[in-house]
Amino acid sequence: MLTSLVLSVIVDGNEVIATVEFCQYLLNGISQGCIYILLASGLTLIFGILNVPNFAQGHLYMVGAYLGFYMVMSLAMNYWLALILATVALGFIGLLLFRFVFYPMRDAPEVNLFVAAMALLMIIEGAALYFFGTETKWFVVPYSRKVITFGDLALPVQRLIVIIITLVIMTALQLFIKKTTIGATLEATAQQRQGAMLCGIKVIRVSALAFMIGTGLAGIAGVLIGPAVLLDPTMGMGPLLVAFSAVIFGGMGSIAGAVLGAFILGLVESLASGYISATYSLTFVFGIMILMLLFRPKGLLGRETWRP
Amino acid sequence: MNRISAFFVVIIITLTIGPQILLAQDFKTVKIGVVSPHSGSVAYFGLSVFHSVELAAKNINEKGTLGGGPGILVNGQRYKLEVVNYDDGGDPAKSVAGMRRLVEMHKVPVIFGPFGTPATWACQEVNVGLGVLFSGMSASDLSRKKGNPLYFQERLPAIYWGDPMAQACFERGYKKACIIADVNEAYTSWAKRFKEKFESLGGKVLGFETIDSKAMTDYHSIMTRFKAKGADIIFLSLYEEPQALAASHALDIGYKGKFLLNSDWGKKSENIVGIDRLEGSLVEATQWMFYQAHPEEDKKGYLTAYLKQYQKAYDNIPAQPGAHIYGVVYMVTRAMEIAGTVSDATAIRAAAPKALQEGKLPLIFPNTDVLKNGLIYGAPDFLLEIKNGDYTLIQELQVPKTVLE
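Top line first, the protein sequences correspond to chains E and Z.
Everything in the first sequence is counted per the working numbering, starting at 1 for the first residue and increasing by one.
Everything in the second sequence is counted per the working numbering, starting at 1 for the first residue and increasing by one.
Please note: incorrect hints may appear among the correct ones.
Simulated crosslink set (DSBU-like; lysine-lysine; CA at most 30 Å straight-line) [to be verified]:
hint, chain 1, residue 1, chain 2, residue 2
1, Z, 354, E, 146
2, Z, 387, E, 146
3, E, 146, Z, 268
4, Z, 28, E, 146
5, Z, 267, E, 146
Covered by chain E, according to a simulated footprint, are these stretches of chain Z (three or more residues, beta-carbon under 8 Å) [to be verified]:
hint, stretch
6, 38-48
7, 140-152
8, 213-226
9, 269-278
10, 332-342
Think of the hints as simulated: they come from the structure by calculation, not from any bench.
Here a beta-carbon is modelled for each residue, glycine too, at the ideal position from N, C-alpha and C.
Input sequences plus hints: build the corresponding full structure.
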């Protein structure tokens, strides 16, 4: 479809402009897709281990953005240090959420976890309104207004940072899961929780770790996108919906699927905004998700059991 | 304590507290309402409105409307103003709920707000039944045409600025425009009027996108399309912060043309984008923006004083509707004094033109009048051009009174 779209534009005669335009949409989509990748990977990790759809993921992303804002703008902290500290803080918040909300409910029916996750979303939004205020905020980092150009193509430095950091984080996460003992316990717990317990794996600790990593990823995404958008306490809802769609599109329980799903949906959103209308771009994103649910319910890379 | 000491203590206490008690007993309280968003994507505007009403009430409570305070004097009785507010989150249904609540619970005769055309229209359906006068923050031409007898509109309909804006663009050699407009009627009608005029002059509008700017967070792809179409000017018919975000994202993707910014543009949006990146862009501005850029034009210094006081009280820069509503509070409270009532909304409304015609109120936007349809008319708008990091006046804009009556 994309190819025919590009060709139809090229046939009109403005080849160079059309190609540049298309490449620019790709760049926009890739950088937006990276944010969805971080959010969707966190969702998948938490869902895989705990079977909890963490609806608060979008709002934790918002909290990450605000923490970044306060560290950079109020405490005059270095952006990179703020990125690390906000990520650690979000990981810690995730640990608290696990310990005081999801751990006590570990044997409760799934619907209880579902409702608890929804309640957390509302509580975090309320707390954000109270603590961060209701006005939109924005923060400036040294790269906020810098743009790299390649001919007619342009990429803001902040967006380039988003892409690079996402690549680094996702590679590190994959190596951590595949090459370390702790990562192996994560994988084992996700595949067969009872079996993991029989093997001596402390599944509670593993679950807490999964929650920490998942919410930490939301924190990174928030601080990364912060300088490129306006911050407000409801900013997490839109990305959360797309990230959930990406998880379903890519296949529930598969981190690789979540990454692929998020990447594709980021591109779809960007191309639809550009070639059709920004008003309907999310219609395409969710439409694709519905089609996937109808014709391939497991998603692109979905499996019966979770495998990172 | 002996009797003499006790006597002096009683005298001192009487002298100290007595006048205050007497003074306090002299005053009654009249409640005035504010319905505006304190949360959500337009909270910046809503809070500016609320805080500006608070500031005006504080100043009136201290000095009176014409400096003969404290408080307002109605039929020989002094009243202090008390502000009661309701956060509608920018949701028209909640605006109506807020209006009902303030009238039924607090018996307010007047409400400042709500913000935005949809909320204003919703409130216009119920305010007469509730017997409450209100000042809607709408720039839609249709708001004044509804014939609501208890309504003030503090902004001139934006649609009429479309023609001179198109003319100015064309005169500067911008022949290819793209437009992005918020779904709000005031913004879309403004953009459409601009488009019609621009095309009638021989210009081409290469892209026209209508969006919900309260929900939109990424303008990169729209701006990529506009850039690819070769626009030499993009009209951002949006709220203040979305204008800034859209302009930033256009610059992000390497757009080299100019922007046409609307009168919601202000210091906050300027800080987000950076004025140095907007060289050559045009701004349709109210006196608010113009006086900020050129304080020397603010002859009476009311805006400068208001800004200073606002920043000191709230540690923030107010948005433009705040400055507008600040003057409306003065107008309404002076109208109460003239009408001799603090509760009869119809009488207060009828006295409002006289309050302005006296010409004594410390209005940020002087020389104004209230038309029969509630439109507060008179203050000109301006067309400015950003040159060398400053706003240069191109043209003063005024709509003939006969068009608006």
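So, going through the hints one by one against the coordinates:
1. As the CA atoms of residue 354 (chain Z) and residue 146 (chain E) are separated by approximately 54 Å, the hinted pair breaks the 30 Å bound.
2. For the given pair, residue 387 (chain Z) sits about 22 Å from residue 146 (chain E) by alpha-carbon distance, which is consistent with the 30 Å threshold.
3. Annotation: proposed proximity of residue 146 (chain E) to residue 268 (chain Z) holds, straight-line Cα distance about 20 Å (limit 30 Å).
4. Restraint check for residue 28 (chain Z) and residue 146 (chain E): not satisfied, since their Cα atoms lie roughly 58 Å apart, outside the 30 Å limit.
5. In summary, the hint linking residue 267 (chain Z) to residue 146 (chain E) is supported, as the alpha carbons are separated by about 21 Å, within the 30 Å threshold.
6. Counting residues of the stretch 38-48 of chain Z whose beta-carbon sits less than 8 Å from any beta-carbon of chain E gives 7, enough to reach three: the coverage restraint holds.
7. Evaluation of the coverage hint for the stretch 140-152 of chain Z: breached, as 0 residues show C-beta separations to chain E shorter than 8 Å, against a requirement of three.
8. Using a Cβ-Cβ cut-off of 8 Å, 10 residues of the stretch 213-226 of chain Z lie near chain E, which meets the minimum of three, so the contact claim holds.
9. Coverage of the stretch 269-278 of chain Z by chain E holds [criterion: at least 3 residues with CB-CB distance below 8 Å; count 3].
10. Here the stretch 332-342 of chain Z counts 0 residues with a CB under 8 Å from a CB of chain E, which misses the bar of 3, and the coverage is violated.
Going down the numbered hints, you'll see the structure goes against 1, 4, 7, 10, while the others check out.
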